[in-house]
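Listed below, chain by chain, are the residues.
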Amino acid sequence: MKQEIIIAGFGGQGVLSMGKILAYSGLMENKEVTWMPAYGPEQRGGTANVTVIVSDERISSPILSQYDTAIILNQPSLAKFENKVKPGGILIYDGYGIIEPPTRKDIQIYRIDAMDAANERGIAKTFNMIVLGGLLKLRPVVAIESVLKALRKTLPERHHHLIPVNEEAIHIGMEIIKPQ
Amino acid sequence: MAEEVVLMKGNEAIAHAAIRFGVDGYFGYPITPQSEILETLADEKPWETTGMVVLQAESEVAAINMVYGGAASGKMVMTSSSSPGVSLKQEGISYIAGAELPCLIVNVMRGGPGLGTIQPSQADYFQTVKGGGHGDYRLIALAPASVQEMADFVGLAFDLAFKYRNPAIILADGVIGQMMEKVVLPEQRPRLTNEEVMARCPWATFGKLKHRGPNIVTSLELDPAEMEKRNIHLQQKYAEIEEKEVRYEEIHCDDAEYLIVAFGSCARIAQKAMEEARAEGIKVGLLRPITLWPFPSKAIAERSRQVKGILTVELNAGQMVEDVRLAVECKVPVEYFGRLGGIVPDPDEVVTALKEKIIK
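Chains as they are written, first to last, in the working numbering: chain A, -6 to 173; chain B, 10 to 369.
These are calculated hints, taken from the structure and not from any lab test.
Owing to the predicted nature of the structure, the values given are computational and were not obtained by experimental measurement.
We treat Cβ as the ideally placed atom computed from N, Cα and C, and that holds for glycine.
Heads up, a few of these hints could be off.
Covered by chain B, according to a simulated footprint, are these stretches of chain A (three or more residues, beta-carbon under 8 angstroms) [as the list claims (entries may be wrong)]:
| no. | region |
| --- | --- |
| 1 | 24 to 32 |
| 2 | 56 to 66 |
| 3 | 100 to 113 |
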């Protein structure tokens, strides 16, 4: 099993940390992982993206031409990555950030209104975990238990009381993701 | 108990490996894309545990001269920077090489020339393997291609540096520095005691002892006859390193009709390109130099006998390609493909280049 994933959106949306949690969860399952950010003079409001690869075997390139799955959280990122999803692959986008939705016919397109769900429930900071939940519904790259284990391991103990709300966010994401 | 594996950036791995290897001192100055080395050391506070000194100098020039001083006393010392910062260090590096002192320099390259970009590049290949500073000297140059190698090469670089009394450099790029991967860190070992340092480095300047005169560390001889002797000695040492310390990795070379030569992040990208090309029935192999100096010229010459053409993939305008051409003495076509200024090619671009430039 190998999953090549791009997560792209605005800086400040939790794109890089979502990738990090996914990579760390893969590590909890003893998988090979790489996390490669497009780093630069990034800032809140600018674009940010990260490539995450989770694999049972040694990973060659951290830089990819095409992806199995693209998670797109804003319009500029859709323009950049829609054509880089492998035929038959999955594209997930957040309805709040995308005005002109993707149009490709040879890939599976899903919409997740994660920003709206997070705001309605007053848990805006878990936006990226809702999106992660949507991904895990479609692509069970890692088990939810591994995500929780990764959170326990990476979060400082004073933040451990936030783990249940993150778990809830994952479940919300699993429920609200739907085909376009 | 299973080994403890951690997920971290290449830069962080270098910092953790340095502490665990018992390094005595780090002297640096922040610059993207390698600032996490200094930041991680500051976070870890090794001065409270192993006693390792971590110091942010006032400039790159100061940092390399602190390394010069620390190395002269036989201590395990290092610095790190990125391209423009490493240019500033060149005078000090030449002095350290001339004085035959062991140390580690880390260069996490960015796009140049000048201030350039902060994105990945390998444009300091020439600077690293052909000199950089003045005079006839060489650096032992290691090119990691994974986060694990970022960690492993700290110890390897120091072992080689002390074995040959020569500065060693880890030449990485922004991809390897910024990427996170699984890594197994070395066991924590204690720093050497002063007695152990004196036993390992009888040449070091740790004060005049009763049984001998003062040790003098210098790169200066006023008598040219003496200076020539010193230079000849250096060249003999470099010849020995070239004989004994070449390191490289070969993947799918046995049945290869074409060969890609690439180091660092480009070797990873080229490996994926190789997999794609092989899926199309193109028999291509990958030779990854691990030591850029000494360069695996013999291994490349050996492989050149079986292949129809060689492509180098580099994040520069074609630097290592010159050494590959020298290695094969132009007996097979050797072409270069690369991107510049901080742009990293994807595997498809490498496959296309292989077809257009080599297979035709």
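Consistency of the hints with the structure:
1. By the rule of at least three residues with a Cβ nearer than 8 angstroms to a Cβ of chain B, the coverage given for the region 24 to 32 of chain A holds, with 7 such residues.
2. Remark: the region 56 to 66 of chain A is confirmed as covered by chain B, as 4 of its residues place a Cβ nearer than 8 angstroms to a Cβ of that chain, reaching the required three.
3. Chain B is given as covering the region 100 to 113 of chain A, and this is violated because 0 residues of the stretch bring a CB closer than 8 angstroms to a CB of that chain, at least three being needed.
The structure fails hint 3 only (numbered hints given earlier).
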